[in-house]
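S.K.: Sequence:
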Amino acid sequence: MRSSASSDGPERGETLTRIVPLAYLVAASAAAVALDWLWPGARLIAAPWNLLGIAPVAAGLALVGAAVRSLHRHHTTVKPRGRPKALVTTGAFAVSRNPIYLGFVLCLAGAAALLGSLTPWGVVVAFAAFLDAAFVRFEERRLEEAFGEAWGEYRRRVRRWV
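First residue of the sequence shown? That's 22 in this note's numbering, and the numbers climb one at a time after it.
It cannot be assumed that every hint is accurate.
Per label pair, the in silico range of CB-to-CB distance [stated by the list, open to error]: (1) ILE40 / GLU161: 29 to 35 Å; (2) ARG163 / ALA80: 26 to 32 Å; (3) GLY173 / ALA147: 28 to 34 Å; (4) ILE40 / GLY112: 24 to 30 Å; (5) ALA63 / ALA171: 43 to 49 Å.
Rather than coming from a laboratory, the hints here were simulated on the basis of the structure.
Just so we're clear, the structure is a prediction, and the values are computed from it rather than from any experiment.
Ideal Cβ placement from N, Cα and C applies to all residues, glycine included.
Using the sequences and the hints given, assemble the complete structure.
M.R.: Here it is as structure tokens:
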């Protein structure tokens with residue numbers, strides 16, 4: 022049995038983070054569209070009301086953009102596997118510890134609303150759970166290692182998602 026401190030292979034969760042989260046968002050979006058087409062399920066939101074899905078897509082994109090700008094302003098990485106150089110706690114990060122992932126989930130939820138049927142919502146839930154397990158927990162361990170008590174105080178003050 023290999024120790025979790027072993028450096029002769031990727032640590033738990035690191036393999037999934039080799040693929041950028043945006044690629045998973047694209048795949049989840051494609052899955053939602055495919056499921057809607059193959060097994061649409063009950064129609065939840067009829068046209069033209071489904072167009073309200075544009076709002077969460079726009080909000081998600083704005084949140085991602087604001088978070089990425091904050092990370093760049095603080096000269097730290099946006100890459101999930103990158104080593105953080107600064108603990109960003111302002112702007113979008115004052116509302117959520119994971120505003121980029123929250124923005125991705127909002128975009129996917131908006132897409133599900135635009136599609137209008139029940140089936141794509143299963144993809145939204147699965148995608149959020151996947152991001153939490155594959156990226157969020159992994160990144161939070163890195164932040165705790167890098168920033169210690171400052172991270173702990175931030176973690177107690179700001180919720181993981183919202």
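S.K.: Indicate, hint by hint, whether the structure satisfies it.
M.R.: A quick look at each hint next to the structure:
no. : hint                        : verdict
1   : ILE40 / GLU161: 29 to 35 Å  : 19 Å, violated
2   : ARG163 / ALA80: 26 to 32 Å  : 27 Å, holds
3   : GLY173 / ALA147: 28 to 34 Å : 30 Å, holds
4   : ILE40 / GLY112: 24 to 30 Å  : 27 Å, holds
5   : ALA63 / ALA171: 43 to 49 Å  : 47 Å, holds
The structure shown violates just one earlier hint, number 1.
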